[in-house]
Amino acid sequence: NAGVTQTPKFQVLKTGQSMTLQCAQDMNHNSMYWYRQDPGMGLRLIYYSASEGTTDKGEVPNGYNVSRLNKREFSLRLESAAPSQTSVYFCATRRVTGELFFGEGSRLTVL
Amino acid sequence: GDSVTQMEGPVTLSEEAFLTINCTYTATGYPSLFWYVQYPGEGLQLLLKATKADDKGSNKGFEATYRKETTSFHLEKGSVQVSDSAVYFCALSDPPPGFQKLVFGTGTRLLVSP
Chain A
1 NAGVTQTPKF QVLKTGQSMT LQCAQDMNHN SMYWYRQDPG MGLRLIYYSA SEGTTDKGEV
61 PNGYNVSRLN KREFSLRLES AAPSQTSVYF CATRRVTGEL FFGEGSRLTV L
Chain B
1 GDSVTQMEGP VTLSEEAFLT INCTYTATGY PSLFWYVQYP GEGLQLLLKA TKADDKGSNK
61 GFEATYRKET TSFHLEKGSV QVSDSAVYFC ALSDPPPGFQ KLVFGTGTRL LVSP
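Chain order of the listed sequences is A and B. Heads up: the first sequence begins at 1 in our numbering, then just goes up one per residue. Heads up: the second sequence begins at 1 in our numbering, then just goes up one per residue.
Derived from the structure by calculation, the hints contain no laboratory data. If you're wondering where the values come from, they're calculated on a predicted model, not measured in any experiment. Misleading hints may appear alongside valid ones.
Unchecked claim - With a straight-line cut-off of 25 angstroms between C-alpha atoms, the simulated SDA-like cross-links for lysine to any residue are:
(1) B/Lys60 / A/Val96
(2) A/Lys57 / B/Gln45
(3) B/Lys101 / A/Val12
(4) B/Lys101 / B/Asp54
(5) B/Lys60 / A/Ala2
Unchecked claim - Covered, in the sense of this in silico footprint (three residues per stretch, anywhere, with C-beta under 8 angstroms from a C-beta of chain B), are these stretches of chain A:
(6) 35 to 42
(7) 99 to 105
Just so you know, even glycine gets a beta-carbon here, dropped at the ideal spot from N, CA and C.
Kindly produce the complete structure, drawing on both the sequences and the hints.
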């Protein structure tokens with residue numbers, strides 16, 4: 001029982017390159033989230049998906065796109081990476097009683 | 001909008017000391033409140049939660065009481081261990097049912113020395 005799995009765990013990009021962060025869950029939760037974590041700023045919500053087939057912007061969506069491929073998978077895409085997108089990215093799912101379950105994180109550096 | 005304010009860190013304690021990490025919130029209605037913990041190199045894990053006023057959440061020796069009159073949810077532990085060194089996040093969400101987003105505080109780093 002893996003819970004929430006993110007890939008890759010580490011990635012280095014050059015400015016302007018694109019990439020996709022993958023997230024998969026085996027918890028059968030409807031809601032999935034992408035957060036970024038930066039020093040001194042806590043976690044900020046990028047996008048979320050309340051259920052399969054729906055996505056919505058969070059607090060900091062600019063420069064990102066998402067796809068809810070099916071109930072299990074929720075991907076985050078950077079079309080043209082910028083140094084300001086250097087961060088640690090976390091995928092999470094939500095139980096109906098409110099608790100979030102997080103992946104281990106993906107550390108992205110944009111040069 | 002809803003918000004969570006946590007005390008600045010780091011909090012530095014010796015082993016077996018008493019811990020308090022302050023958390024206050026601003027929200028409409030009656031939110032659910034959470035504490036999450038993040039160990040180095042890992043994702044966040046739920047530590048405890050409370051869903052209504054005067055509820056006490058507890059886990060692994062940590063406790064927090066939902067105080068609506070002071071809009072607070074302070075985290076306490078009677079005797080900390082080195083293994084408690086981590087970053088602690090306070091968070092709130094709208095109560096179930098329905099879809100809710102969590103709002104996180106900025107986190108408080110705890111360092112426990114032997």
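Tested hints:
For the hint linking B/Lys60 to A/Val96, the alpha-carbon distance of about 23 angstroms falls within 25 angstroms, and the restraint holds. For the suggested pair A/Lys57 and B/Gln45, the alpha carbons sit about 24 angstroms apart, so the restraint of at most 25 angstroms is met. The hinted pair formed by B/Lys101 and A/Val12 fails the criterion: a straight-line CA distance of about 30 angstroms is larger than 25 angstroms. Annotation: proposed proximity of B/Lys101 to B/Asp54 holds, straight-line Cα distance about 23 angstroms (limit 25 angstroms).
Under the criterion of a C-alpha separation no larger than 25 angstroms, the hint pairing B/Lys60 with A/Ala2 is consistent with the structure, at around 23 angstroms. Coverage of the region 35 to 42 of chain A by chain B holds. Counting CB-CB distances below 8 angstroms, 3 residues qualify, and the rule asks for three or more. Only residues whose C-beta sits within less than 8 angstroms of a C-beta in chain B count toward coverage, and the region 99 to 105 of chain A has 7 of them, enough to reach three; the restraint holds.
The structure fails to meet hint 3 from the earlier list, while all remaining hints are met.
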